[in-house]
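One-letter residues, chain by chain:
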Amino acid sequence: GQQLNQSPQSMFIQEGEDVSMNCTSSSIFNTWLWYKQEPGEGPVLLIALYKAGELTSNGRLTAQFGITRKDSFLNISASIPSDVGIYFCAGQPPRGNTPLVFGKGTRLSVIA
Amino acid sequence: DTAVSQTPKYLVTQMGNDKSIKCEQNLGHDTMYWYKQDSKKFLKIMFSYNNKELIINETVPNRFSPKSPDKAHLNLHINSLELGDSAVYFCASSQPGLNSPLHFGNGTRLTVT
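For the protein sequence lines, the chains are L and U, in the order given.
Taking the working numbering, I'd label the letters of the first sequence as residues 1126 to 1237.
Taking the working numbering, I'd label the letters of the second sequence as residues 33 to 145.
The set of hints was computed from the structure by calculation and includes no laboratory data.
From the three backbone atoms N, C-alpha and C, an ideal C-beta is built for every residue, glycine too.
Hints are not guaranteed to be accurate.
To be verified - Reference excerpt, derived from the structure (chain U facing chain L, CB under 7 Å, subset only): (1) 73; (2) 74; (3) 75; (4) 77; (5) 88; (6) 122; (7) 131; (8) 133; (9) 137; (10) 138; (11) 139.
Said to hold, decoys possible - Pairs of lysine-lysine residues, derived as BS3-like cross-links and limited to a Cα-Cα distance of at most 30 Å, are as follows: (12) 51/U with 72/U; (13) 1229/L with 41/U; (14) 41/U with 73/U; (15) 51/U with 41/U; (16) 73/U with 1195/L; (17) 51/U with 84/U; (18) 68/U with 1176/L; (19) 1176/L with 76/U.
What the hints assert, rightly or not - Residues of chain U placed beyond 10 Å of chain L at every Cβ, according to the derived structure: (20) 45; (21) 49; (22) 59; (23) 60; (24) 95; (25) 107; (26) 117.
Turn these sequences into a full structure, and let the hints steer you where they fit.
Dropping the structure here:
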């Protein structure tokens, strides 16, 4: 089945730094989603991208749907301690009734 | 509150037992899912139901049986629990359609001893 390569696997950054993570695939996707999971909770949707080339912001978060439809990135600017968590990308394959494909997550740690 | 809620949050049981996890959503969504998250945090879909009808079953052992009494509920029953079933199980829901984002519950941590 389709797979997503999410990188980096983990990041340790200082508070105030900018963060960038991305997902790539050899297959195309119709939709890219970015989720954040905090300890003891389920993943929460941060940003949804529906068109190739689309660039969308949500506060300090910015994500883009790659023009080839095979990749997406998420940037976090001026990180704060509450940004800590695991960030997942997810892609919706074009084939009908095919489930979302999730990346393996980027574990973000922010040092105050 | 509008949400996807699942119970229990923690479940500790012995090998061989049968257990159930309940899920309810009040978002008015037609589609519900069960995901399994392993110790490495990898999310893997197990089942998807659309309006009480099974549409995705991702090669899950038949010890796992989902039941959807109505479109707002999708329960997961597990027979003859094994050590490898230990994981966090997430219920989720979405509007119908390929591009609709998932809304997740807060998970049920199952520990089989």
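Hint check results:
no.	hint	in the structure
1	73	holds, 5 Å
2	74	holds, 6 Å
3	75	holds, 4 Å
4	77	holds, 4 Å
5	88	holds, 6 Å
6	122	holds, 5 Å
7	131	holds, 4 Å
8	133	holds, 5 Å
9	137	holds, 5 Å
10	138	holds, 5 Å
11	139	holds, 5 Å
12	51/U with 72/U	holds, 23 Å
13	1229/L with 41/U	holds, 23 Å
14	41/U with 73/U	holds, 17 Å
15	51/U with 41/U	holds, 13 Å
16	73/U with 1195/L	holds, 23 Å
17	51/U with 84/U	holds, 21 Å
18	68/U with 1176/L	holds, 29 Å
19	1176/L with 76/U	holds, 25 Å
20	45	holds, 20 Å
21	49	holds, 24 Å
22	59	holds, 12 Å
23	60	holds, 17 Å
24	95	holds, 21 Å
25	107	holds, 17 Å
26	117	holds, 19 Å
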